[in-house]
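Student: So the chains spell out like this:
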Amino acid sequence: MIKLFSVKEKQERERRENAEQAKAGVKKASASELRLQKDISELNLPKQIKIAFPDGPNKLNRFIIIVSPDEGYYKGGRFSFSFNMPDTYPHDPPKVKCESPRPVYHPNIDLEGNVCLNILREDWKPVLSISSVVYGLQFLFLDPNPDDPLNKDAAKVLASDSRQFQINVRRSMGGCYIGNTYFPPCK
Amino acid sequence: MLVGPGFEPSEAILPFLREDCRVLVIGAGGLGCELLKDLALLAFGNIEVIDMDTIDVSNLNRQFLFRMKDVGKPKAVVAAERIQERIEGVKVVPHFGRIEDKSPEFYKGFHIIVLGLDSVEARSWINETVCGFLEYDDDGQLDLSTIKPLVDGGTEGFKGHARVILPGITPCFACTMWLFPPQVKFPLCTLAETPRTPVHCIEYAHLIQWPKENEIVEFDVDNVEHLQWCHKNAVKRAEQFGIGGVTFSLVQGVVKNIIPAIASTNAIVAAACATEVLKTVTMCCAGMDNYMMYMGAEGIYTHTVKYEKDAECPVCSSGISLTISESKTLAELIDVVSAHASVKGNISAPSISCGSMNLYMHGPLEEATRPNLQRKVKDLIMTNKATLAINDKKLPRTLRLNLTIA
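Chains R and L, in that order, give the protein sequences.
Number 120 in our numbering belongs to position 120 of the first sequence; there are no gaps in the numbering.
Number 78 in our numbering belongs to position 78 of the second sequence; there are no gaps in the numbering.
Errors might be hidden in some of the hints.
[To be verified] Cut-off 27 Å, straight-line C-alpha distance, at most; resulting in silico cross-link-like pairs (DSS-like, lysine-lysine):
#1 R:K47 / L:K394
#2 R:K152 / L:K91
#3 R:K95 / R:K50
#4 L:K185 / L:K236
#5 R:K95 / R:K28
#6 L:K378 / R:K59
#7 R:K59 / L:K159
#8 R:K97 / L:K256
#9 L:K306 / L:K328
#10 L:K185 / R:K152
#11 R:K59 / L:K385
#12 L:K385 / R:K28
#13 L:K236 / R:K156
#14 R:K28 / L:K232
#15 L:K232 / R:K152
#16 L:K256 / R:K28
#17 L:K328 / L:K393
#18 L:K159 / L:K185
#19 R:K156 / R:K50
#20 L:K185 / R:K97
#21 L:K376 / R:K28
#22 R:K59 / R:K95
#23 L:K378 / R:K156
#24 L:K159 / L:K309
#25 L:K393 / R:K95
#26 R:K59 / L:K393
#27 R:K59 / R:K75
#28 R:K59 / L:K376
#29 L:K328 / L:K394
#30 L:K102 / R:K28
#31 R:K95 / L:K91
[To be verified] Derived coverage of chain L by chain R (criterion: at least 3 residues anywhere in the stretch with Cβ under 8 Å from a Cβ of chain R; other residues may be distant):
#32 236-248
#33 284-295
#34 317-323
#35 352-358
None of these hints come from the bench; they were simulated from the model.
Every residue, glycine too, gets a C-beta built ideally from N, C-alpha and C.
Make a model of the complete structure from these sequences and hints.
Tutor: Structural data, given as structure tokens:
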């Protein structure tokens, strides 16, 4: 009667055996995991950037990126970001937050560690990858942007007096108060 | 061609639909209620339904199987009861819970699965599950008996779609992921500094203010108090910037990402889906090939498009098949794969994973996974049959490897 299904009945026994084997096997990777495996295996990090997987090499959906700029305002600093990959990655972008130091003195990062980077929100596209975001973060430290501020005070200083901004950044990286906010040192 | 390939008119079809054919409906909401009613009236007598939601008073205008007294009860349970009461000889088994909590064997037990879902996540999950059932022989030919057809419906206001997925034959959900428009997102700095619309103010309260002021508590879109908090603060912010129009229902719409639901759109899309289920199961008519969109905003317009399968889809493509001996190490397997005719010259530094297990990875995990190279594949994957994922910078997409250890 129904070809698709009559073939099926014949092979029912065989499939049951297969199913038992599958049960003993490993968990199937989701589409987002498959994509993460591709992203991570192809990730080539410059020496200023390090990555760590706190849950081991088989859990790629949560990791830490550490940026240590070797030029620019933030030279000598060390900034760590948590990456949380949603199940819908790469349809949706990674969730990225600056974890340490927090707060960080940066025009495009607010005091809670939220980052204003276009490709993390409005300009995210599934063709972008972890690599794109990592380079985006690196760029943010080389060329902080006073025009799209999340930290208005820092942006104001950068726009009006870049020497003062440089001084503030240096001081903040050693740990200090700027205005009423305490910025802990880079670790 | 009107009749599907292999259709044989027979007296056995009706009892097959009534007794034997097992249909699973995922979702007992707006589309689910319509689907259950349509399928039951089409003579499907052996239906199961799964939904994790309970009935809300706002559902009652369109989810017609539910009454005022049902508010708070599981949708799947009430829907199943109501259908059985109204349509004689139909058995509907409810499952109140998350689709992810059921085993693959549960889904394998159905002849066909119909989706009345509202999220990309849930669709992806069930798509990956049924694509995982596919088996290919050594020549990459699909074993037809491993196909689990999916019929997917979706609505948004006056628009909707119905599609038929024959995994391995027609494009799967992952092949056409690009069909789903990404959610509109605003730059954080706009929200923080230059809000211009009521939505900007709501997103500010939701995304920036809440984590700041309620550090420990995660925002819960189903918690009325959280929503009220968000509303109150969004109104305050809107007043500061001279913006009007922040209402509670807009807050709900924005943070819960609620899409307006129109009863008639659900009815039309569900009817198209139920029809496709009948066609696919009986082959009494060539089925939809393979995506119908419906637009009901200005007049009524439908169009059916034949989307193409992505030959290299990491979820449903056949990939390559290999059989190796028990003694082979991972390094030896990588050599065999690199020399395989279909990829030769396209692989230089492959990384290889089995499910969530990363066996050998280039990039930052190289050092951590390097010791695996000298281990036997059999000891690493602990089974004789598995699907592996191969990545290489030279490959445009992830390559599936169906491995047998003999």
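Student: Enumerate the violated hints, using their earlier numbering and listing them in ascending order.
Tutor: 2, 7, 9, 14, 16, 19, 23, 27, 31, 32, 33, 34
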